[in-house]
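Student: Sequence:
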Amino acid sequence: IEMFYQLLQDEHHPKRVISITGIGGIGKSSLLDQYKKIASQYQIPFYSLDSREFAHSPEQLCTHLLRLSDPSNNFLHQATDPIATCIQVLNYHSFKSPIVIALDTYEEILHLDDWLRERFLPQLSQRIFFILASRHSLSVGWKTSPAWRKLIQEIPLSEFDDQQSIEYLQKNEIGDPHL
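Take the sequence shown: its position 111, counted from the start at 1, is 111 in this note's numbering, and no numbers get skipped.
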């Protein structure tokens, strides 16, 4: 969470993509919810997408993003090319404020991985940050690219060990501390 605060406070933060990974139910979506609350404290737009909510194509991802970034749908109704319009709208909004785009269940749209990395993200402003939450770590294309490798912050989530479990239970006043 501290790293996310730093990202929002520093417009020139070196990381542009945050990769949150972990098994199902470990807390990736909950962490995204916390990030959204933090972004709202800074009045920074946080567009949260779950890959299960749209058809898995670049056009549909961009259409979904346009709906989130332009609730009045002014741009969406005029868009003949949803991808180009999405890029234009996001870049326009990023002049006013940084933007965070979170893609949950990223493992469901891995076939869009190359497009996202090679075509979409390079056209977006440096003030637009992406969070990819997935059960799997990023593909080799992200990790072997010298350009992308330095822009990625990986956050692997894992189960609590015994001591962390006890601390969590005590902090939240749950159960008998002697268990």
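Derived by calculation from the structure, the hints in this document are not laboratory data.
Any given hint could be a false lead.
[Claimed, not checked] With a cut-off of at most 30 angstroms between alpha-carbon atoms, the simulated DSS-like pairs for lysine-lysine come out as follows: (1) Lys36 x Lys143; (2) Lys171 x Lys96; (3) Lys171 x Lys36; (4) Lys15 x Lys96; (5) Lys15 x Lys37.
Student: Which of the stated hints cannot be reconciled with the structure, identified by number in ascending sequence?
Tutor: 2
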